[in-house]
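Number of protein chains: 2
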Amino acid sequence: MEHKDSSPQTMDTLVSLCKRRGFIFQSSEIYGGINGFWDYGPLGCELKRNIRDSWWRAMVRRREDVVGLDATIIMHPAIWKASGHADGFADPMVDCKACRHRFRADQLCEEHGLALLRTAGGFALPPEVKCTHCGSKDLTEPRAFNLMFKTYVGPVEEEGAAAYLRPETAQAIFAQFRNVLETSRQSVPFGVAQMGKSFRNEINPRNFTFRSREFEQMELEFFIRPDEAVELIRGRVASLADKPDLSQPQDDWGWEVWHKYWVEQRMAWYRAIGLPAASLVEYWQPKAELAHYARACVDIQYAFPFGVQELEGIAARGDFDLTQHHKHSGKPMEVFDEQLKLAAAGMDAAARAAFTQRVTDTWSRDGRDPEAARAFAALLLEGKYIPHVIEPSAGVDRLALALLCNAYAEEQVAGDKGKTETRTVLRFYPSVAPVMVAVFPLVKNKPELYKHARGIFDALQRRWCCFWDESGAIGRRYRRQDEIGTPFCVTVDFQTLEDGTMTLRDRDSMQQERLTLEALKERLDGLTA
Amino acid sequence: MEHKDSSPQTMDTLVSLCKRRGFIFQSSEIYGGINGFWDYGPLGCELKRNIRDSWWRAMVRRREDVVGLDATIIMHPAIWKASGHADGFADPMVDCKACRHRFRADQLCEEHGLALLRTAGGFALPPEVKCTHCGSKDLTEPRAFNLMFKTYVGPVEEEGAAAYLRPETAQAIFAQFRNVLETSRQSVPFGVAQMGKSFRNEINPRNFTFRSREFEQMELEFFIRPDEAVELIRGRVASLADKPDLSQPQDDWGWEVWHKYWVEQRMAWYRAIGLPAASLVEYWQPKAELAHYARACVDIQYAFPFGVQELEGIAARGDFDLTQHHKHSGKPMEVFDEQLKLAAAGMDAAARAAFTQRVTDTWSRDGRDPEAARAFAALLLEGKYIPHVIEPSAGVDRLALALLCNAYAEEQVAGDKGKTETRTVLRFYPSVAPVMVAVFPLVKNKPELYKHARGIFDALQRRWCCFWDESGAIGRRYRRQDEIGTPFCVTVDFQTLEDGTMTLRDRDSMQQERLTLEALKERLDGLTA
Chain A
1 MEHKDSSPQT
11 MDTLVSLCKR
21 RGFIFQSSEI
31 YGGINGFWDY
41 GPLGCELKRN
51 IRDSWWRAMV
61 RRREDVVGLD
71 ATIIMHPAIW
81 KASGHADGFA
91 DPMVDCKACR
101 HRFRADQLCE
111 EHGLALLRTA
121 GGFALPPEVK
131 CTHCGSKDLT
141 EPRAFNLMFK
151 TYVGPVEEEG
161 AAAYLRPETA
171 QAIFAQFRNV
181 LETSRQSVPF
191 GVAQMGKSFR
201 NEINPRNFTF
211 RSREFEQMEL
221 EFFIRPDEAV
231 ELIRGRVASL
241 ADKPDLSQPQ
251 DDWGWEVWHK
261 YWVEQRMAWY
271 RAIGLPAASL
281 VEYWQPKAEL
291 AHYARACVDI
301 QYAFPFGVQE
311 LEGIAARGDF
321 DLTQHHKHSG
331 KPMEVFDEQL
341 KLAAAGMDAA
351 ARAAFTQRVT
361 DTWSRDGRDP
371 EAARAFAALL
381 LEGKYIPHVI
391 EPSAGVDRLA
401 LALLCNAYAE
411 EQVAGDKGKT
421 ETRTVLRFYP
431 SVAPVMVAVF
441 PLVKNKPELY
451 KHARGIFDAL
461 QRRWCCFWDE
471 SGAIGRRYRR
481 QDEIGTPFCV
491 TVDFQTLEDG
501 TMTLRDRDSM
511 QQERLTLEAL
521 KERLDGLTA
Chain B
1 MEHKDSSPQT
11 MDTLVSLCKR
21 RGFIFQSSEI
31 YGGINGFWDY
41 GPLGCELKRN
51 IRDSWWRAMV
61 RRREDVVGLD
71 ATIIMHPAIW
81 KASGHADGFA
91 DPMVDCKACR
101 HRFRADQLCE
111 EHGLALLRTA
121 GGFALPPEVK
131 CTHCGSKDLT
141 EPRAFNLMFK
151 TYVGPVEEEG
161 AAAYLRPETA
171 QAIFAQFRNV
181 LETSRQSVPF
191 GVAQMGKSFR
201 NEINPRNFTF
211 RSREFEQMEL
221 EFFIRPDEAV
231 ELIRGRVASL
241 ADKPDLSQPQ
251 DDWGWEVWHK
261 YWVEQRMAWY
271 RAIGLPAASL
281 VEYWQPKAEL
291 AHYARACVDI
301 QYAFPFGVQE
311 LEGIAARGDF
321 DLTQHHKHSG
331 KPMEVFDEQL
341 KLAAAGMDAA
351 ARAAFTQRVT
361 DTWSRDGRDP
371 EAARAFAALL
381 LEGKYIPHVI
391 EPSAGVDRLA
401 LALLCNAYAE
411 EQVAGDKGKT
421 ETRTVLRFYP
431 SVAPVMVAVF
441 PLVKNKPELY
451 KHARGIFDAL
461 QRRWCCFWDE
471 SGAIGRRYRR
481 QDEIGTPFCV
491 TVDFQTLEDG
501 TMTLRDRDSM
511 QQERLTLEAL
521 KERLDGLTA
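If you read the sequences in order, they're chains A and B. Per this note's numbering, residue 1 is the first one in the first sequence, and the count goes up by one each step. Per this note's numbering, residue 1 is the first one in the second sequence, and the count goes up by one each step.
Just so you know, the hints here were simulated from the structure itself, not pulled from any lab data. What you are looking at is a predicted structure, and each value in this text was computed from that prediction instead of being measured. Mixed in with the good hints there might be a few duds.
Heads up, the list lumps identical chains together, so a pair's fine if it works in one copy or across two of them.
Within a straight-line C-alpha distance of at most 25 angstroms, the following computed BS3-like cross-link-like pairs (lysine-lysine) qualify [stated by the list, open to error]:
{"hint": "1", "residue 1": "LYS260", "residue 2": "LYS243"}
{"hint": "2", "residue 1": "LYS19", "residue 2": "LYS197"}
{"hint": "3", "residue 1": "LYS327", "residue 2": "LYS19"}
{"hint": "4", "residue 1": "LYS331", "residue 2": "LYS19"}
{"hint": "5", "residue 1": "LYS150", "residue 2": "LYS197"}
Model the full structure from these sequences, guided by the hints.
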């Protein structure tokens, strides 16, 4: 067997492949489509389901320190005021006055190999920039455009009734932090996970499903102690310089170790669902790129046909978000930490004063308010703090696209009559493949064999996504399954009636072996659980 | 053991129960909430996940004649023009001119024990109706209020950019009908299923999560042949009068049998996830209540504390929806049916004329256009038609609420010291319970026992949602699990170290038995697959 792999090289190939096989359709296609919206067909929605299920299993069900949340898309608008989205979640936009085409200013500059200029009041275009549609230089100044979709709740369209479609799932986790803490028997460190649709009114949606206006997120907010609390409790704070063992969380970890732990966890998950380590880039944002509240941020990137782009961002956000909601809602976001209270109770007045001084000095050195530092230290000594947070934030649609790109291959193989032919195959890992196993009766006109095959199909279908195919030569049936990425094909033949074994054919090696139903179930169980 | 069951009698009990145990919180609660929006906490989101998974398994993965779709919430606005929602999806609204309170006109009349009056131009209030808030009779005339949330796609808020949040998931299925048909190897009869969020800008959201503004639907559109096509192919059309066996679809079924088949399927599913037959009402809408395009509609209802209300509607909608999109999009929605073509080819000219005459007569008798009847018959004789549809449409939130109401019980049981005490228990079926099994080490200070218990926990957690609890007396740990509806508790004790058996305690009978891990896994497998 000679391999000649070729990932889809252009977006057109990819879009056409996705449509032809029922993975992804343009939304509202019969009405000419709607820019930036995509629907998932029969195979696409199973792929997405598998991605979501795998994430939820890894992040929630198999962990004792993470619980789930499923909040609404439309929330109280005050949430977006507190989070900063109402005022700051905007892209710079320019219009061409000649042809009325509209651009995202930074993207337009990029297409000229230039960067958007920052001014005192906002942004400006470098003078070389032209409209890429008509060539005119008659462009408006860049102006901020808020990316949140706005609607009105209740029957009157007035500002008091305005609400927004969430641009991220994360904020609901902060807004419901106290309710979850009070009802879930969790204590810091612990996390809250949420999956669901988010919406951004992108000026120029592009790159197929990669940058669309309606998309699906999988986000975790993992709440940790501030380093100063760790120090009081454990007397030390482990940092990356200590080369900690990251396999199991420890209570002396500072934020830096927790952040690295989550980067490792997430990278391992991507590998586990079939993106090879070599296809992923771990991009550590330099300090200058970080948002003002972020302490560190790592992007996990994948090499798409249109460039190396972000699948997930893992940010250490400090206590920014909970503090904002603490201030804006007037509801306390501090937690009480029994261990911290005990540690503080064991300190004498001198130790407490020294601790407060140390915190104040450090904050002052970082240019932060010394009064706030003293208040923070005082609160810690009462056993209280606002938790800090590590946020791994991933996109379902981007990942589905990466898995499709990664799975696609064309190979030259020996055909039935010795001729070389092209085999198109989607090499999905079993845990994400839309169909897990296809079942074929060798022939359809032998009632006993047919009935036996149906019995096997029914048994497998109780647990896995299965496909029944009784028409055409077995070789053709294999090819059909290769094209949709089914890892296993089972053929029930006359020998099955005698000894209960059937032929299992592996998609990738194209090798066949005989095994019993029990052995097959055990194999599949090991691959999908 | 004496049973004294009591379902939650008032909405307040239910709302408080849901909040206290982390099932359901008010959205944006820290900002005073937002009317008509509800969030699901750690246990609530697992309950919802189990409902969705069970529906998807029953409706898609275990059927060969249904495939899935996952379309966007925002679609091209022309879809809502075609479906009738843009013009007709409205509730009559009245305002009190004195206190400015706003009501849904039909609900306001109901509260007076009256019905809203229909007029030539719309609606009118009976003269007795007063504002239930301030008592004034100074009310506006009822006027139509469209329930779709409106937003603008792209940077300009102009009518051309207006779009709507979908008020139902069904329409995307019709809009993508051709794409699914062409890529999925299905042919009529077959179905397309979709789950997801829908939005209705209710004038008065009420009854907790039952009537909210953002909710989740599970809808199937099952496409069938028109009866006339069945008649041509099979020479007869089975109706309910033939008392057909509904266990397995047959190709002589007319729409009436298909409709009844889906009612039976859906009722069986509700029973399978734990709503007893006695708690469900199958309400067949009288002809006068039906929408103009519907041939029949059955509501599956549940007795909530606030009244008997609909969980699901199962409608026979004829070819209304596909025909509307056929007309509005200009894209053909007819399918070609090989068997029909063959049947028609076997008819002589006289038989074809007689068939056309029969169809025309029947349509004319029903007051329908004879010319349309002739066109329909001609199309059939070419082997083509627009499929008819049966639509089972269910709500995830309503069902979650019904399962919570149904599961709740308070019992008087014998306590540890022989005293009678009240046990609060949620009797969820294992297939929907947020936690499937809790694992307890008998004591936590025996490392060997502790480690063994952890091993069992890890093995179970690979497949099921598990809970680890090591603190407090075993009896107390049982009670905690009873309160969140965990069907099984496993205690690992000293005997486990000797013979590998552990204690399995059943939530409902409170009986205990000893079994091995293998036996336990087999039992759980049978209950959840």
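Structure-based check of all given hints:
| no. | hint | result |
| --- | --- | --- |
| 1 | LYS260 - LYS243 | within (11 angstroms within a copy, 66 angstroms between copies) |
| 2 | LYS19 - LYS197 | both (22 angstroms within a copy, 24 angstroms between copies) |
| 3 | LYS327 - LYS19 | between (48 angstroms within a copy, 24 angstroms between copies) |
| 4 | LYS331 - LYS19 | between (49 angstroms within a copy, 17 angstroms between copies) |
| 5 | LYS150 - LYS197 | both (15 angstroms within a copy, 17 angstroms between copies) |
Hint compliance for this structure: every hint is met.
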